[in-house]
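Trainee: As a plain string of letters, each chain reads:
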Amino acid sequence: AQSVSQHNHHVILSEAASLELGCNYSYGGTVNLFWYVQYPGQHLQLLLKYFSGDPLVKGIKGFEAEFIKSKFSFNLRKPSVQWSDTAEYFCAVRSYNTDKLIFGTGTRLQVFP
Amino acid sequence: DTEVTQTPKHLVMGMTNKKSLKCEQHMGHRAMYWYKQKAKKPPELMFVYSYEKLSINESVPSRFSPECPNSSLLNLHLHALQPEDSALYLCASSQDPQNSYNEQFFGPGTRLTVL
Chain A
-14 AQSVSQHNHH VILSEAASLE LGCNYSYGGT VNLFWYVQYP GQHLQLLLKY FSGDPLVKGI
46 KGFEAEFIKS KFSFNLRKPS VQWSDTAEYF CAVRSYNTDK LIFGTGTRLQ VFP
Chain B
75 DTEVTQTPKH LVMGMTNKKS LKCEQHMGHR AMYWYKQKAK KPPELMFVYS YEKLSINESV
135 PSRFSPECPN SSLLNLHLHA LQPEDSALYL CASSQDPQNS YNEQFFGPGT RLTVL
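Residue numbers (my numbering), protein chains in the order written: chain A, -14 to 98; chain B, 75 to 189.
For reference, chain A alone in the conformation it holds in the complex (with noise of 0.2 Å):
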């Protein structure tokens, strides 16, 4: 069965520092990978996707990807958090030939001014 993994739990950064949260999944065939944010009392919204071609994918607010196919990874970056980053990331995948989304047990950050 298809799993994602995601290893920091809980993360606490000040304003400012870089960002790297860790997204691994089991699944051998052709995946979709997306990384959603879940601000506090709001909804879920999509902060990227990678669907194919370059593995380094950009999305809203400054926040990118990069897919390692051989590492089964798809790690959400970004150069220099702010405040207002304090939210729940979940990564999800997807395998090709389903409309199952399967997501990570989610990361917390927690961003200090």
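To be clear, the hints were calculated from the coordinates, so they are not data collected in a lab. Some clues are possibly wrong.
Claimed, not checked - Here are the in silico distance ranges between beta carbons for each label pair:
id: 1; chain 1: B; residue 1: Met89; chain 2: A; residue 2: Gly47; range: 43 to 51 Å
id: 2; chain 1: A; residue 1: Ile45; chain 2: B; residue 2: Asp170; range: 20 to 28 Å
id: 3; chain 1: B; residue 1: Ser136; chain 2: A; residue 2: Gln30; range: 26 to 34 Å
id: 4; chain 1: A; residue 1: Lys56; chain 2: B; residue 2: Gln169; range: 27 to 35 Å
id: 5; chain 1: A; residue 1: Ile45; chain 2: B; residue 2: Pro82; range: 26 to 34 Å
id: 6; chain 1: B; residue 1: Lys83; chain 2: A; residue 2: Thr71; range: 18 to 26 Å
id: 7; chain 1: A; residue 1: Gly7; chain 2: B; residue 2: Glu177; range: 20 to 28 Å
id: 8; chain 1: B; residue 1: Gln169; chain 2: A; residue 2: Ser69; range: 23 to 31 Å
id: 9; chain 1: B; residue 1: Leu147; chain 2: A; residue 2: Thr71; range: 29 to 37 Å
id: 10; chain 1: B; residue 1: Thr90; chain 2: A; residue 2: Ile(-3); range: 41 to 49 Å
id: 11; chain 1: B; residue 1: Arg137; chain 2: A; residue 2: His(-5); range: 32 to 40 Å
All C-beta atoms in this analysis are idealised placements derived from N, C-alpha and C, irrespective of residue type, glycine included.
With chain A's structure known, arrange chain B on it following the hints.
Mentor: Okay, now just chain B, sitting in the frame of chain A:
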């Protein structure tokens, strides 16, 4: 209109009650989804409707009954729920379930408490 709306925002019900959650989108999307999210956990897929037909049921107990009356509307009928069913219920939609380049748009959720 580029959003998924859900009503009610909050719902408190007893174990013998019957209630329904409603989800609506007017983006012309042909797939709609129900997810359950417990506190501090990721969303878990419950049901998928593809072109108004149930295509995926993730072994959800029969006390949850989905319905898709038309392409814009998705309901979740609740009956004889248990306190452990208390959670945030999320609805999502996507444009074309047969297109692999498909992303899901989520609604704000209904926070359900079962007493």
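Trainee: Compare the structure with each hint and give your call.
Mentor: Outcome of the hint check:
At about 47 Å, the CB distance of B:Met89 to A:Gly47 agrees with the hint of 43 to 51 Å. Between A:Ile45 and B:Asp170 the beta carbons are some 23 Å apart, a value that agrees with the proposed interval 20 to 28 Å. For the pair B:Ser136 and A:Gln30, the supplied restraint of 26 to 34 Å holds, since their beta-carbon distance comes to about 32 Å. Checked against the hint of 27 to 35 Å, the pair A:Lys56 and B:Gln169 passes, with Cβ atoms roughly 30 Å apart.
A:Ile45 and B:Pro82 have their C-beta atoms about 29 Å apart, which keeps the hinted 26 to 34 Å range intact. For the pair B:Lys83 and A:Thr71, the beta carbons lie near 22 Å from each other, so the given range of 18 to 26 Å is met. Between A:Gly7 and B:Glu177 the beta carbons are some 22 Å apart, a value that agrees with the proposed interval 20 to 28 Å. Against the hinted window of 23 to 31 Å, the Cβ-Cβ separation of B:Gln169 and A:Ser69 comes to about 29 Å, which satisfies the hint.
A beta carbon spacing of about 34 Å between B:Leu147 and A:Thr71 agrees with the range 29 to 37 Å that was offered as a hint. Judged by the Cβ atoms, the range 41 to 49 Å given for B:Thr90 and A:Ile(-3) holds: they are separated by roughly 44 Å. A hinted range of 32 to 40 Å for the beta carbons of B:Arg137 and A:His(-5) is consistent with their spacing of about 34 Å.
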